[in-house]
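Peer 1: Take the sequence shown: its position 210, counting from 1, is numbered 210 in this note's numbering, and each next residue is one higher.
Treat the hints with care, since some could be wrong.
Quick list of the computed label-pair ranges, beta carbon to beta carbon [said to hold, decoys possible]: (1) D109 <-> K14: 34 to 40 Å; (2) T82 <-> T38: 29 to 35 Å; (3) P234 <-> L152: 25 to 31 Å.
Just so you know, the hints here were simulated from the structure itself, not pulled from any lab data.
A virtual CB, placed ideally from N, CA and C, is assigned to each residue, including glycine.
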Amino acid sequence: MGEESDTLFSVYFKEFEEEKDEDGIVAIKGQRRVGPPTGEDWEKAEVFVRFLRVFYEVTLRVSHSLIPTAHTALHDVIKIETAIKNLVPPPNVQTGSPIEVLLKQMATDMRAKYDKYFGSYLQLNNLLVVALILDPRFKLRHVTHLLKKQLLEVDVHLKTKEIRDVLDALYKEYAPRVDGGKHMKVPTPPREPSSTSHVVESFEDDCVDDWIDFVEESEEQVVGDEVDSYLLDPLEKVDKETKGAFKILSWWKTNGCKYPILAAIAKDIFAIQASTVASESAFSTGGRVISDFRSSLTPKSVEALICMHNWMRGDGIITLEDDA
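Work out the full structure, taking the sequences as your base and the hints as a guide.
Peer 2: Pasting the structure below:
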């Protein structure tokens, strides 16, 4: 369209710019409008669209109001962190080009904001991790799998133990409340051995102790409570075609009889919102400027306030040389 000189599209860019002042009077500037997008402009747009699509998809996912979002929040956090860390210009962009410099600077600013809210994997909110564990497609094994890609083996062990302790603490807190605590285990008092059966029981104790040592040294795991039973049960099947169609609330409603205490925990955990920011406001600063008391600001004043706010919060103002 820009190459066709007789089109209205090209004529538009030959006109002088107009701007309204505070009184609504149109003032004509002594310069023509900037021409149509160039090939370099389209390359920049393509790179930005591809990079920002990650944040767009995550924003839509965490802004759902009719389905739980807590169990997908950890995946979204990791997806954003990976997108920022792996920000590499496309092959057709030369090293040191304006696009590469701009993207790296944007990634640096995004990384600072990410670290402010989430920090490292060792500082992740444990409730978000517990929400993922309560997804029967993943459980604790998946969390350990994710941590191994980012942390040292010793840190993975410590973080996994910390998360398991949180889950066990939740279980102990909820167990007395579910059906009057009837699911809690009642320890059986030890039976006093008789003198006639001392030799037989001693032999039995040796066999049991030997078996306990064998189980501890092997990979066999013993189901101790409802948490162990849930974590050791087979995972629900997940595939790439139907991964977004899994109804986790329906699964827990169906399996609530099998895991009544964990179902009560899941009911509260899944009620947590991953984000309280509306999707249409996630990338907009206009709402912070145009409040109920400043709703009559002109577009020029709003733009000036937003730019001034951005400059004041920035690290410094870069001096630009005029090409003219």
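Peer 1: Report the numbers of all earlier hints that the structure fails to satisfy, in ascending order.
Peer 2: Per hint list: zero violations.
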